[in-house]
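Student: Sequence:
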Amino acid sequence: MSIIESDWKKFKELHKLALDRFCQGVLADAKTITEHGALSAQARYGMLYRLMRDRDKDIVRTFDPYSRYSALMALRMMVRHDLLTDAELSVLSEAAREEIADVVRQPYEIEWADEIVRQD
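Mind the numbering: the sequence shown is residues 1 to 120 in this note's numbering, read in order.
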């Protein structure tokens, strides 16, 4: 389903904002993982690898379909990943907001490795 022209123009700005937040979040999580001293270097590497692999899939699903036809699905994914606030979404038409109203926000959380290395 395609969105109206006025929503498309607003979507382009929301897309930029959400993409920046997504990337900032990935970098922050990567930093948290790499600086976690209680995990071995190997465990941190594995976690970092999985983080990047999983987030790479999400960035493609969320941001690569860049067209008026796919904009509503992209907005749904942006909301699902908690990348846009309700206030930011309020610039969209009522019809567009209704299309994404049922999305449940599921912010990212780091999946920690089971291996915690003892500090000797």
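Check each hint, because a few of them may be wrong.
Said to hold, decoys possible - In the DSSO-like style, the derived pairs of lysine-lysine whose C-alpha atoms are separated by at most 27 Å in a straight line are:
{"hint": "1", "residue 1": "K57", "residue 2": "K9"}
{"hint": "2", "residue 1": "K31", "residue 2": "K9"}
{"hint": "3", "residue 1": "K57", "residue 2": "K31"}
{"hint": "4", "residue 1": "K57", "residue 2": "K16"}
{"hint": "5", "residue 1": "K57", "residue 2": "K12"}
{"hint": "6", "residue 1": "K57", "residue 2": "K10"}
None of these hints come from the bench; they were simulated from the model.
Student: Does each hint hold? Answer for all of them.
Tutor: Evaluation of the provided hints:
1. K57 with K9: holds, 26 Å
2. K31 with K9: violated, 34 Å
3. K57 with K31: holds, 20 Å
4. K57 with K16: holds, 18 Å
5. K57 with K12: holds, 21 Å
6. K57 with K10: holds, 25 Å
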